[in-house]
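Enquirer: Mind assembling these two chains? They're in different frames, but the hints should get you there.
For the record, the sequence lines run as chains A and B.
For what it's worth, this note's numbering labels the leading residue of the first sequence as 4, then goes sequentially.
For what it's worth, this note's numbering labels the leading residue of the second sequence as 3, then goes sequentially.
FYI, nobody ran anything at the bench for these hints, they're computed from the structure.
Hints should not be assumed to be uniformly reliable.
To spell it out: a stretch of chain A is covered by chain B in this simulated footprint if at least three of its residues, at any positions, have a beta carbon under 8 Å from a beta carbon of chain B; those stretches are [stated by the list, open to error]:
1. 112 to 125
2. 147 to 160
Sample of chain A residues at the chain B side, in silico, Cβ under 10 Å [stated by the list, open to error]:
3. 85
4. 137
5. 200
6. 207
7. 210
Keep in mind it's a predicted model, so treat the numbers as computed, not measured.
No residue lacks a Cβ here, since even glycine has one placed at the ideal position from N, Cα and C.
Listed below are the residues making up each chain.
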Amino acid sequence: MTRVVLALLGLLLGACPARALVAELSQREIAVSTGFTGAELIVYGAKDSIPADIVVAVRGPQTPVVVRQRTRVAGIWLNGASARFDTAPGYYAIASTRPLAELLPEAERGRLRLGLDLLPLRASEPDAGDGFRNALITLKRERGLYRQAENGVSVTGERLFATRILLPPTVPPGLYLVDVLGVQGGRVVASRDLTFTVRRVGTSAEIWRFAHAYPWLYGLSAVVVAAVVGWVGSVVFRRG
Amino acid sequence: MQVYLPIAEMSVDGLLIVGIGFAVGLLSGLFGVGGGFLMTPLLIFIGLPSAVAVATSANQTMGASISGLIAHWRRGNVDGRMGMVLTLAGLAGSAFGVELFALVRRVGQLDLVVAVFYVVVLGIVGALMAAESVRAWLRRRRKIPRRLHEHFWMHGLPIKMRFRKSRLYISVVPPVAIGFGIGFLSAIMGVGGGFILVPAMIYLLGMPTGVVIGTSLFQVVFVTAAVTVLQSVSTQSVDVILSLLLMVGAVAGAQFGAAMGSRLRGEETRGLLGLLVLAVALGLGYTLVRTPEAMFVLEPIR
Numbered sequence: 004m005t006r007v008v009l010a011l012l013g014l015l016l017g018a019c020p021a022r023a024l025v026a027e028l029s030q031r032e033i034a035v036s037t038g039f040t041g042a043e044l045i046v047y048g049a050k051d052s053i054p055a056d057i058v059v060a061v062r063g064p065q066t067p068v069v070v071r072q073r074t075r076v077a078g079i080w081l082n083g084a085s086a087r088f089d090t091a092p093g094y095y096a097i098a099s100t101r102p103l104a105e106l107l108p109e110a111e112r113g114r115l116r117l118g119l120d121l122l123p124l125r126a127s128e129p130d131a132g133d134g135f136r137n138a139l140i141t142l143k144r145e146r147g148l149y150r151q152a153e154n155g156v157s158v159t160g161e162r163l164f165a166t167r168i169l170l171p172p173t174v175p176p177g178l179y180l181v182d183v184l185g186v187q188g189g190r191v192v193a194s195r196d197l198t199f200t201v202r203r204v205g206t207s208a209e210i211w212r213f214a215h216a217y218p219w220l221y222g223l224s225a226v227v228v229a230a231v232v233g234w235v236g237s238v239v240f241r242r243g
Numbered sequence: 003m004q005v006y007l008p009i010a011e012m013s014v015d016g017l018l019i020v021g022i023g024f025a026v027g028l029l030s031g032l033f034g035v036g037g038g039f040l041m042t043p044l045l046i047f048i049g050l051p052s053a054v055a056v057a058t059s060a061n062q063t064m065g066a067s068i069s070g071l072i073a074h075w076r077r078g079n080v081d082g083r084m085g086m087v088l089t090l091a092g093l094a095g096s097a098f099g100v101e102l103f104a105l106v107r108r109v110g111q112l113d114l115v116v117a118v119f120y121v122v123v124l125g126i127v128g129a130l131m132a133a134e135s136v137r138a139w140l141r142r143r144r145k146i147p148r149r150l151h152e153h154f155w156m157h158g159l160p161i162k163m164r165f166r167k168s169r170l171y172i173s174v175v176p177p178v179a180i181g182f183g184i185g186f187l188s189a190i191m192g193v194g195g196g197f198i199l200v201p202a203m204i205y206l207l208g209m210p211t212g213v214v215i216g217t218s219l220f221q222v223v224f225v226t227a228a229v230t231v232l233q234s235v236s237t238q239s240v241d242v243i244l245s246l247l248l249m250v251g252a253v254a255g256a257q258f259g260a261a262m263g264s265r266l267r268g269e270e271t272r273g274l275l276g277l278l279v280l281a282v283a284l285g286l287g288y289t290l291v292r293t294p295e296a297m298f299v300l301e302p303i304r
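Just chain B, with the same shape it has in the complex (with noise of 0.2 Å):
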């Protein structure tokens, strides 16, 4: 079924679409992460152009996250306040990151940076969550108890807020630097940032992980509204139609992969989403160095 996208200015098949969005909701509901990071690449794949795979992503992984931030609100599972720290941040993020997006594909160098990008944060992320899994994994056979977090020196710089609903009292100047770095990253890559959030949530501020998963969906849900919003401003580049097509299948196929979910180990889960990750980058890493088919491309100016 041919569906004609009226912002990417091209026809794709409409089942694809949708089987992407499932795969993906799979995934991610397996994982419980958002999944931007598996769909903008994916779209690339299947020949969207960069900025559309990008924007739209950002769009749909909004969709994805509402209702589980819903759910983790009514349970009370929000901290409010470095909720609004980590989005006041983000937004400011996600502004310079649409406009270094904007300038980068104006100069012709779009598909490149978001690789690049990809590339470098995936591999990173990848090989500390695979690294993590295995360290955890040998912990439990030796029995050694895992420690708490502890007091980090970035903890004590100046401007210091208390966090009730997560016990701390610390210095906003690292929730405000993970915030802002989240909201570029959000821009840049179509992703809602959670698989960053959410180890940086526990192991650099130190939260206690009932509140974690609802405090990054808040900032998620704020921040690719955002990102959504000044995109569609200045790239021109959201396809509600691709968005809308993508979130049918996430939707349906988040429910399928929680409900896998529950039989894996932590760890397990842990491992293979790093691995998943680390396979996006090197997927993305190879359409790099590739020898192109055609030595020339063709781009409309706007």
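Bound conformation, chain A alone (with noise of 0.2 Å):
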């Protein structure tokens, strides 16, 4: 907070012009433990009056998928056509204070991959339809990976700004980055990158890392342990 009251002071006593917008989240790390549920970081800052409106763009590490249609042959439902989409992030949150549509043309939009319709999501089918497009944004969307909140920054006094960052508890490791950027008369003229971590902690990501660094010897302990815990449960509930 400290930080973000002395930029304030700097852009109001006019030192440096140049600096048009600051921007600062309220955490760097969140720890994904047993009990995650979610978490919900904000990202706030200050501007002069000049950038009248704010974008905030919250891009994941990315998380290759697949994508099947479900087809059905004799009767039975399976999964038929396919298509891979290597560089899909597994995150993406945008919001603003006004419709992006009013904000920025939408060459520019596409110059700056800003909007969930403007993602580039390319599948590695050259064939594939839009229809795998929009159900991986669709399924995604469902899942609370991808957001768009078109008035999801508020604006206070016109200079200090906010907004929420909902993270779903199946939210993937990794560095994110946030651009927060100055839009005014259909351009960007301020914009400041910030980015934070997202890690695995604690007994179950001990677990996972255990299973995927040492598969044989993981295959083992579960052995050894469904042997143990079957034995000595079969004695207890026998005397008790």
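Expert: Printed below as a string of structure tokens:
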């Protein structure tokens, strides 16, 4: 908070006119532990009166996915055609003071990759139709992993702004990039880049890492654990 | 109580999982089977990925079978030689099964393959069990004495071996084929396979009933242990937390089930088990033909 106040002072005194925008995150690290039920992050900052509007875009690490279409063959539903999306962000959220279409022309939004409709999602199969792309966005939105809030950024007294970023329990671990953009007259006139990390911590993270780093040892341990629990359990319950 | 499963990478209701373990343990104690064939479909029904359901169910079946094996071993009800033959063949079968499992998962048809295997295998086994118990019931009413087992053509195949405890001198080909098949099904379906192995040992191999249960448990324990390790290595889908929760319920449930089972007559038990097996087959068959809620599915690439 002190950083924001200092920056604000700087702005008001006009000591640093180029810095028309400052921003900060409420947290720089999100720990995903055993009981993790999601998290809320706040992006806040101060601006001059000149960039009237603010856009906040959050991009998670790339998590490749396959979208498969269900098809019916001889009365049985199975997975038919599929499309791979190797560069799909695992998380994407965008919030702005006004609807994005009012703020920036489409060409500019496309260049800056702003908006769910303009996400650079390209299927590895060139002939895959828009259906797969739309299905990917719909399914990710249902899981809270893709979000777009047209009026998600609130401004107080033309100077202070803030927005919440909601991270669902299934949020992928990795580095997250936050772009805070000041928009005026259909152009981006100021910007700030921030980052935060999502890390798995605690017992469940240790188990996951162990299972992936030492699969043989993990499998053998699972066998030993099952044997011991099965044997001890039966002894306890027979007496009880 | 929400519990995060580290390998399934999702939160589940811990009490629901223990409850499923208890219910399956109860039925397995009642019918004297491992219960993996009930566990896997139930886990799939509550939304766990098929891969985790199958691999973890095999791990849980191993834990649930070990105390039975120890008890039968102490009483001398295990034909060690037959057990070794079945187990070695079972290990080969499970290695083959896990390879196929990983391949099918890569091409995105795992859900389909698991469901189809369940429908076909349980459909056949359930129908045979139900028919057999009806026949037994009719025989008892008409007081026709049951015939002892006969020598099949397959017992005369080459590479004969003496199984002293089973009082058999037969070719190793039938036990090897049976062991391999059970190992394969264990990998694909996450079952111990006792519900197929026990009748196969009685009717196909002609083993005396006294050593059948102990010897089948011998094979089940070692093969499900192998499946656990192989699935951990090639698909990383064994969830120890899920397995522990299931075992806590199953161990408790099995004791109640065993007490209830002693009040039922043999053919009645087998008839009920047959109906239960058929019901599971029908339930999974329905998921294959039902119109899905979403026309697209999302799958992470590993």
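Enquirer: Hints first: check each against the structure and report whether it holds.
Expert: Against the structure, the hints come out as follows:
1. 112 to 125: The restraint on the segment 112 to 125 of chain A is violated, since only 0 of its residues have a Cβ under 8 Å from chain B and three are required.
2. 147 to 160: violated (count 0)
3. 85: holds, 6 Å
4. 137: holds, 9 Å
5. 200: Status violated, d = 18 Å.
6. 207: The hint holds - residue 207/A has a Cβ within 10 Å of chain B, the shortest such distance being about 4 Å.
7. 210: holds, 4 Å
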